[in-house]
Amino acid sequence: MAKIPELKSHHIWAFCLILYLIPVVVPVGSPFQISEITLKIYNIIENLPEGSIIVMGGSGVFAFDYEPGAAMIASIKQMAKNKLRLVGIPLGMESLQLHKYVVDTAKVMQADGGPWKYGVDYVQLPFIPGGDAALVRLLTSVQSVVTVDANGTPLENLPLMKDFRSYKDITLWICPHWGYPSIVRYVTGERGVPSVMFAHAYSYTVYAPYMMIYPDKVWMTNGFLGGAQYEKLVGFKGLGHAAVDSYTLISVAYVFFVVLGNITLLTRVKKEEEEAEAKK
Amino acid sequence: MISATDSLVGQIVKKGLGFQLTLLIIMVILTYIAYYLGKRGRVWEIRPLEGLEAIYEGIGRCAEMGRPVMVIPGISGLGSAETLAGLSVLGEVTKRSTEIGVPTLATASSTETIMVIEAMTRNAYTAAGKPELYEPGKYVRWFGSDQFSYAVGAAGYILAEKPGMLIQVGYFIAEIPAVAEAGARVGAIQVGGTLSSMDLIAMFADYIFIGEEIFAAAAAITQDRIQIATLAGQDWIRLLTIGILVVGMTLMATGSKVIVDLLGM
Amino acid sequence: MSSSIIYVRTYLTRILLIIGCIATLTSWYFVSPHADIVANELYNWNVNIGTFSLFVGVVTLFSRYLKDISSRKEQWEYKFLGVVLIPIWVIMGQTAGVFSDLYQKAYFNTKITLHVAILGQLMFFMISGAYRTYRIRNFRTLLFASCTLIIVVCNASWLMTPFPIADKISYWLLNNPSMAGYRAMMITGAIGAVVMGIRILLGLERGALRATEAR
Amino acid sequence: MISTDPWVWLSALLTICSYTLLYGDNPLFRIAEQVFVSVAVAHSVVMGITTVNTRFGPLLTPAATPQLFITLILGLMSLFVVWRKYAWIASIPISIMIGVGTGLSMRAMMRTDLVGNLSTVIMETSRIFVGSPTDQLGYFIRVTFTLAGLVYLLFTVFIRGPVSKPVGYIRTFGKYVFLTYLGLQVGNDIIMFQGLVTSAVVRLFTTWLGI
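Protein chains in written order, with our numbering: chain S, 1 to 280; chain F, 1001 to 1265; chain X, 2001 to 2215; chain A, 3001 to 3211.
None of these hints come from the bench; they were simulated from the model.
Keep in mind that the hints are not guaranteed to be accurate.
Once the Cα atoms are required to be at most 25 Å apart in a straight line, the calculated DMTMM-like pairs of lysine to aspartate or glutamate come out as [said to hold, decoys possible]:
id : chain 1 : residue 1 : chain 2 : residue 2
1  : S       : K40       : A       : D3025
2  : F       : K1138     : F       : E1118
3  : S       : K168      : X       : E2205
4  : S       : K3        : F       : E1045
5  : S       : K279      : F       : E1050
6  : S       : K271      : F       : E1112
7  : X       : K2073     : F       : E1064
8  : F       : K1014     : S       : E272
9  : F       : K1162     : A       : D3025
10 : F       : K1014     : S       : E46
11 : X       : K2168     : A       : E3124
12 : S       : K217      : F       : D1261
13 : A       : K3085     : X       : E2205
14 : X       : K2168     : S       : D169
15 : S       : K117      : X       : D2101
16 : F       : K1162     : S       : E272
17 : A       : K3085     : F       : E1112
18 : S       : K107      : X       : E2041
19 : X       : K2073     : F       : E1045
20 : F       : K1014     : S       : E36
21 : X       : K2168     : S       : E272
22 : X       : K2168     : A       : D3025
23 : S       : K271      : F       : E1064
24 : S       : K237      : X       : D2101
25 : A       : K3175     : F       : E1118
26 : F       : K1138     : X       : E2041
27 : S       : K217      : A       : E3124
28 : A       : K3165     : F       : E1118
Away from chain S, derived, C-beta distances all over 12 Å, residues of chain A [claimed, not checked]:
id : residue
29 : S3003
30 : L3013
31 : Y3019
32 : F3036
33 : I3073
34 : W3083
35 : A3087
36 : F3158
37 : P3166
38 : V3167
39 : D3189
Backbone N, C-alpha and C define an ideal beta-carbon position, used for all residues, glycine too.
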């Protein structure tokens, strides 16, 4: 039996890069179904009373939070359609930029032709340092921690902030950030406010125990797949769809290379056995 | 009388938090007792750790193959407990491999960690009676303090030196695949352990330290009484939680929710 | 420095640490309006003090870079680029404002673009790594590789579409065996964190304060 | 059509620079990395100045409070952490932050991560015998895997006598519980990392080159 030679990493990478280009040139348009948990979150937001205040907040690194951003953008479109109100609370240094990115991309503000008016339907608070201590204090008194919005406008001049003083005014907390444990521990665990995380595929597996601890108050989507499902529910195609499209091919490549690696190992073992036999 | 006490406690301790507070107090007591015993000289035995045994065997195999060992204690500075655990492993590996003439190579991204590794290497050669073999910068390399400049440098270092064993124990995050893939390319035995990105380490490593095993490994290597006592104190608390679980599950099977109610969730 | 000053300093930091910790715990566990007032004040202090931590990085980086540039240390040219870029960026940021469209565009098209690209390319290492390491030599690799491959294929639409149950299998695996494994770690991690807190409180562990000890 | 937006060009070129890492270490990657590090640090400075203005602006108004002044001093003291000789000055504000952080972490970990999980495992026991067979198996796995994992993570406890063997088996099983979790997690990670590559590829080929 002939030994299959070991592939060089550069060849594997070049092959994968070509695979990535295929959906860009010829969109695969891979169909996928909606998971129960994504549908549940969609329905929760869908059934919130008009005017409910939703918080988008937490801390994380933008590049990682790019993944939850897919579902966040879709949910913002849904919120705007259902006349819900949103407050952005960035607790990480890059969170403010992520919040601006998702709101701008959702195109829900009046300047972009959407229904939301800044200060009335959406307010973006500035970055709040202090970590968990800031979050804990903010939950009992927003205005004691922050007095102006991200543009420097005093909060008393923003109609939405007149209705948002403490955790009691929050209907739902959505976290599109890595720092979800803090949200579960302090917002849901200590104050009982339901929370949703548009989770990274990585964080779904490690934060899943929180869903079991608070089964009626904590829900999570799963990574880009969850993002694509949310986009589909809301009715548009964004990064989630693009990621799922390329994943169709990459997942095949992944399995292919694992199988090939094992065949290579098998032929090597066989060859070694044959050589040992011949020596005898 | 009982109701009077109850109401008094109710006035002091917030509703539903009594058990959690009691558990916290028990944990304080157990932690202090373990510390006290450790300080007075009590030493606990630590169970065998697969990763540690693999490291000891691996050093021998490297000697047979004539290839060096490479140890990376993470990308954090000395403030991280994981890095300190990694340095303990590195210290022991350097000592053992130097004694049998196997070079131990190392790299890290933090400059303060690099300084400590360099000192450890020098001490190991002096202790082994071979100070003439030590040269600063010969065994320890630094490729920059940024996560990915370190990763690129470390991968290149691995491809150039072809270590027989690659040990990554310490604080690591997303850069693991870039370094460990190089280890796989040169066919090194890989041993790894970290807390935050263990899945990525596990993907590449032949032997792993699972979760807090890295601290157990550090305690076992250094035989530091206080570290071992901390480990023992945590074990008592772990046993207590297993006990609460077993009692709660047994009662739950008989239809009683008393433990769940007591937990106050 | 005289030993008595070091003594006073050490005790002062210990006392402040204990006050912070006890106030936070007391306000949560006990019915005490006084503890609530102290804790709330300390939370506000934390927010204000935390603001300054944003400058620590730049001070460290600049002092290191300037030293390397002046001694023409290896790769000093790249550091020079950094020393020039940082002030320009700060001026731009202060002029435009962090919530402006200009700042957002600049930030997104440099730092975020680069970060996403660098993290993304780890995918390539993961594929070539899987090719080499997922070789079934023993039960351990068999278990590990099969778990990975099951999730990889169950998340893919090419399997999910003809077999809708794939999605359910994927979630079942993540919500049961995977979740339970991590839960055990979460429980021991929580014990570790609480014990660490107790050790800090009892003065058995200096933790991050080690960084500020006089040398 | 190829983009004419200079920001898109910058973004595309930096993406290419960072992807040269796959070829090996090279000056283009070093430039990209330096831009990355510098912008990250500069961003923290911009955020810092903005936040100081917002938080300490009232000091220049009649609304200034003594507490605000104290925290300004403490904040400035915390900056001494970078000078080794005077790092002790920073220990005072840092001790307040560590104290509060430790207290918060202790109470939250105790409630959610420890007691919350214990309570959930116990509750799950009651669900092992109800519901569909898949659910029953799921709850059984949740409870047994958690217990086995906890037993595996005991390091200094040795059970001797007749039960030592069964405990040994549980411990070995615990190791495989963790391997199962880690294997499943890597599988789920793949979609995250590959999604990030997708966004880079889309940026290069759709946004920049207009394909």
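Hints versus structure:
Restraint check: the Cα-Cα separation between K40(S) and D3025(A) comes to about 47 Å, which exceeds 25 Å; the hinted pair is violated. Among the hinted pairs, K1138(F) with E1118(F) is consistent with the structure: their alpha-carbon atoms are about 10 Å apart, no more than 25 Å. At most 25 Å may separate the alpha-carbon atoms for a hinted pair to count; K168(S) and E2205(X) exceed this at roughly 38 Å. The hinted pair formed by K3(S) and E1045(F) fails the criterion: a straight-line CA distance of about 48 Å is larger than 25 Å.
With a C-alpha separation of about 36 Å, the suggested pairing of K279(S) with E1050(F) is violated against the 25 Å cut-off. With a C-alpha separation of about 49 Å, the suggested pairing of K271(S) with E1112(F) is violated against the 25 Å cut-off. Our distance criterion of 25 Å between C-alpha atoms is broken by K2073(X) and E1064(F), whose separation comes to about 39 Å. A threshold of 25 Å between alpha carbons decides the hint, and for K1014(F) with E272(S) the separation of about 71 Å lies outside it, so the pair is violated.
For a cut-off of 25 Å, the pair hint linking K1162(F) to D3025(A) stands: about 18 Å separates their Cα positions. A distance of roughly 36 Å separates the Cα atoms of K1014(F) and E46(S); the hinted pair therefore is violated under the 25 Å criterion. Distance restraint check for K2168(X) and E3124(A): the Cα-Cα separation of roughly 20 Å lies within the 25 Å cut-off, and the hinted pair is therefore satisfied. This hinted pair checks out: K217(S) and D1261(F) have alpha carbons roughly 19 Å apart, not beyond 25 Å.
For the suggested pair K3085(A) and E2205(X), the alpha carbons sit about 22 Å apart, so the restraint of at most 25 Å is met. For the given pair, K2168(X) sits about 36 Å from D169(S) by alpha-carbon distance, which is inconsistent with the 25 Å threshold. In summary, the hint linking K117(S) to D2101(X) is supported, as the alpha carbons are separated by about 17 Å, within the 25 Å threshold. Only pairs whose Cα atoms come within 25 Å are accepted, and K1162(F) paired with E272(S) is accepted, the gap being roughly 23 Å.
Only pairs whose Cα atoms come within 25 Å are accepted, and K3085(A) paired with E1112(F) is accepted, the gap being roughly 16 Å. Between K107(S) and E2041(X) the CA atoms are separated by roughly 39 Å; this puts the pair beyond 25 Å, and the hint is violated. Among the hinted pairs, K2073(X) with E1045(F) is inconsistent with the structure: their alpha-carbon atoms are about 49 Å apart, more than 25 Å. Distance hint between K1014(F) and E36(S) is unfulfilled; the C-alpha atoms sit about 38 Å from each other, more than 25 Å.
With a C-alpha separation of about 43 Å, the suggested pair K2168(X) and E272(S) falls outside the 25 Å cut-off, and the hint is violated. At roughly 43 Å between alpha-carbon atoms, K2168(X) and D3025(A) are farther apart than 25 Å, so this suggested pair is violated. Of the pairs offered as hints, the one joining K271(S) and E1064(F) holds, with about 24 Å between alpha carbons and a cut-off of 25 Å not exceeded. With a C-alpha separation of about 24 Å, the suggested pairing of K237(S) with D2101(X) holds against the 25 Å cut-off.
Under the criterion of a C-alpha separation no larger than 25 Å, the hint pairing K3175(A) with E1118(F) is inconsistent with the structure, at around 35 Å. Only pairs whose Cα atoms come within 25 Å are accepted, and K1138(F) paired with E2041(X) is rejected, the gap being roughly 53 Å. For the hint pairing K217(S) with E3124(A), the CA-to-CA distance comes to about 17 Å; that is within 25 Å, so the pair holds. In summary, the hint linking K3165(A) to E1118(F) is not supported, as the alpha carbons are separated by about 44 Å, beyond the 25 Å threshold.
For S3003(A), the shortest C-beta to C-beta distance to chain S comes to about 15 Å, beyond the 12 Å cut-off, and the non-interface label holds. Consistency note on L3013(A): stated as away from chain S, and its beta-carbon is indeed over 12 Å from all of that chain's, at 18 Å minimum. The Cβ of Y3019(A) does not lie farther than 12 Å from every Cβ of chain S; its closest approach is about 9 Å, which violates its non-interface assignment. For F3036(A), the shortest C-beta to C-beta distance to chain S comes to about 10 Å, within the 12 Å cut-off, and the non-interface label is violated.
No Cβ of chain S approaches the Cβ of I3073(A) within 12 Å, the least distance being about 17 Å, so the stated non-interface status holds. No Cβ of chain S comes within 12 Å of the Cβ of W3083(A); the nearest lies about 22 Å off, and the non-interface call holds. Look at A3087(A): its CB is around 21 Å from the nearest CB on chain S, clear of 12 Å, so calling it non-interface holds up. With a least beta-carbon separation of about 29 Å from chain S, F3158(A) lies farther than 12 Å from that chain, consistent with its non-interface assignment.
Consistency note on P3166(A): stated as away from chain S, and its beta-carbon is indeed over 12 Å from all of that chain's, at 27 Å minimum. The beta carbon of V3167(A) sits about 25 Å from the closest Cβ of chain S, which is more than 12 Å, so the claim that it is off the interface holds. In this structure D3189(A) is not separated from chain S by more than 12 Å, as the shortest Cβ-Cβ distance comes to only about 5 Å.
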